[in-house]
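Peer 1: So the chains spell out like this:
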Amino acid sequence: MKKTMTKAAKTEAIFTVLTLTVILVSFVLVTGCQKKAATRPEATVPPSAKEQPASEQKQKGPEKITEQKVEAIASKDMAASSVEGKEGMFEDILFDYDRYDVKEGYRAELKAVSAWMTKNSSASISIEGHCDDRGTNEYNLALGDRRAKSVKDYLVSLGVPSSRIETISYGEEKPLCTEQGEECWAKNRRAHFVILMKAGK
Amino acid sequence: MMNAGKGQRTKCIIVMFLLFTIHYSLFTVGAEAKIYIDITAPSSKKLPIAIYDLQGPSGKEISDIIRDDLTFTGLFQCIDKVSYIEGPVQPFNPQNWTPLGIEAVVKGTVSGEKTITATIKLYDTLEIAPILSKQYQGEKDLMRQFAHTIANDIYQALTGAPGMFRTRIAFVAEHEGEKSIYLMDWDGERVRKLGLKGALVLTPHWKPDGSQLVYSSERGRQWGLYLLDFLKMTEKKVFSSKGTNMAGDFFPQGDKVIFSSSKEGTPDLFVLSLKDQTLKKLTATYGIEVSPSVSPDGNMIAFVSDRGGSPQIYLMRSDGSDVRRLTFEGAYNTSPSWSPKGDRIVFSCRRGKNQICTVKPDGDELLQLTEQGNNEDPSFSPDGRYITFSSDRDRSKGVYIMRANGEAQERVSPKGLRSTGPRWSPN
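Here the protein sequences line up with chains A and B, keeping their order.
Residue 195 in the working numbering sits at position 195 of the first sequence, and the numbers go up by one each step.
Residue 55 in the working numbering sits at position 55 of the second sequence, and the numbers go up by one each step.
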């Protein structure tokens, strides 16, 4: 019984509030409209004197335009590698488009590289992975990396210690051939051998 | 019973008071934040706006920049001066404008030689009082930023959203055989070379507060991760190892960077803490994982993987769990980047040549936005309304911008400068 009473009272209260709100809102709206109606006809007289300051104008002085100074910075670790490379001793290993598996045809050449590495037991090599320029830069860099790694894995499987083989990718950034066309692209999709020697030797 | 009734009345009064307050504040807020253009609507009508040349020295130059800014958005139609009835110094009168169908008018003055001061008034042609009235002051050599700041305020007053006219684009360019990081305004003006270089430099990525860039550079047969700090103007190496290290993206707090590294064999994704240099490995596959992009809330990573046989975009949680493939159309989808709201991902999609596509994170609504040449390395502007990317459509590679729906594609980087890897600044 008590509960229903309260419910009824609540409903009544909400009703009152709603009515009041509606009255209030309409009052505000009406006054708002009246104000507008009052200013409208005056618009034809020179309005400059009537200009009300916009809210922003109440602020303190002008906005100052500034900018963080950007200067050229010198890169610190530009020192060249302490290791120099000798190139051209072995032929490049070429890859199919968007692939990084070493093709059967290169077995003999990789055996020769492995034999040379066994004979020159103090030598280490770097395998550079490259791509043609049709892919996107970053993916090509990863693809070049993967190509270099495939050749390294092949050499390791032939018995060359992993520690004597470095890999690095240059993606599409160092093309051998800059023409557009399959003949040229094929030359660029390569793993390239560099024999590493300590500088000064 | 009596007590209960009293409580009821008090409650009633409180509720009434609250309702009144809410109504009142709603009413006033509604009145102040009138939206003239709904920028969320897909193809709303362009708002006709009259922008006077500011009265005074360099007034025309400033107004030209404001007009260019507003026109690029595709939301405004700048009405030619010849049709203005009202003289520039005559007081603003709505009746001079409404018959022409012009809905907003910008008037103002500028003075000063070395330091310039401008007063700007923006009118809604249905009201006599300006909806924006503001003074600006700055050095003359910052005139472009000066004009962009005014354009931002006009844009905000009419759309309710902040303008992006003071943002910049970081990119990589090649000069005399050496690559460096460059910075330019979003409209291609004020190109500055930062001097940071390497034989090779990859796309820089902004820290979310705009104070740093992370990028990869190859120096002396090693790929390192470098951090450029704009406040200290320093460059710092944060990671290097054997193999290939490719940045990567910041997490929202700016304390961690995700990147791809082949230090353990094949390119996998790692998270590097910039605080304590700890590394966490997120993926481990035999193939390629590269180009990670962190969602704006930091919970998701979009990245490229060839685990399905061709490069495709995948999504996973930032702890490496719940990996799912996002792209299925085409055999080559790379370089994903999130929109600032996290509601779309832009990427490079192969359709014959490389094009720019966007898709929702659930894989729906795949859109192709470009058609000419090869287009790569896309990223959104901080308001999500524009996209920057690199393209070779004019033969030499350059940085382009367009609206997020593919409209208004335009080259912004200088003609002679081979430019790639653009990234829009967050602020």
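If you are wondering where the hints come from, they were derived from the structure by calculation, not from laboratory data.
Please read these numbers as outputs of a predicted model, since none were measured by experiment.
Beta carbons: idealized from backbone N, C-alpha and C, even for Gly.
Some hints could be false.
[What the hints assert, rightly or not] Cβ-to-Cβ under 8 Å is the rule here; a few derived chain B residues that face chain A:
| id | residue |
| --- | --- |
| 1 | Leu202 |
| 2 | Ser260 |
| 3 | Gln277 |
| 4 | Thr278 |
| 5 | Leu282 |
| 6 | Thr285 |
| 7 | Val290 |
| 8 | Thr334 |
[To be verified] Once the Cα atoms are required to be at most 25 Å apart in a straight line, the calculated BS3-like pairs of lysine-lysine come out as:
| id | chain 1 | residue 1 | chain 2 | residue 2 |
| --- | --- | --- | --- | --- |
| 9 | A | Lys69 | B | Lys232 |
| 10 | A | Lys76 | B | Lys236 |
| 11 | B | Lys415 | A | Lys64 |
| 12 | B | Lys256 | A | Lys76 |
| 13 | B | Lys232 | A | Lys174 |
| 14 | A | Lys76 | B | Lys193 |
| 15 | A | Lys69 | B | Lys140 |
| 16 | B | Lys140 | A | Lys76 |
| 17 | A | Lys86 | B | Lys232 |
Peer 1: Now tell me, hint by hint, if it's right for this structure.
Peer 2: Hints, one by one, checked against the model:
no.	hint	verdict
1	Leu202	holds (6 Å)
2	Ser260	holds (6 Å)
3	Gln277	violated (17 Å)
4	Thr278	violated (22 Å)
5	Leu282	violated (15 Å)
6	Thr285	violated (11 Å)
7	Val290	holds (4 Å)
8	Thr334	holds (4 Å)
9	A:Lys69 to B:Lys232	holds (10 Å)
10	A:Lys76 to B:Lys236	holds (8 Å)
11	B:Lys415 to A:Lys64	violated (34 Å)
12	B:Lys256 to A:Lys76	holds (23 Å)
13	B:Lys232 to A:Lys174	violated (33 Å)
14	A:Lys76 to B:Lys193	holds (16 Å)
15	A:Lys69 to B:Lys140	holds (15 Å)
16	B:Lys140 to A:Lys76	violated (34 Å)
17	A:Lys86 to B:Lys232	violated (40 Å)
Violated hints, in rising order: 3, 4, 5, 6, 11, 13, 16 and 17; the structure is consistent with all others.
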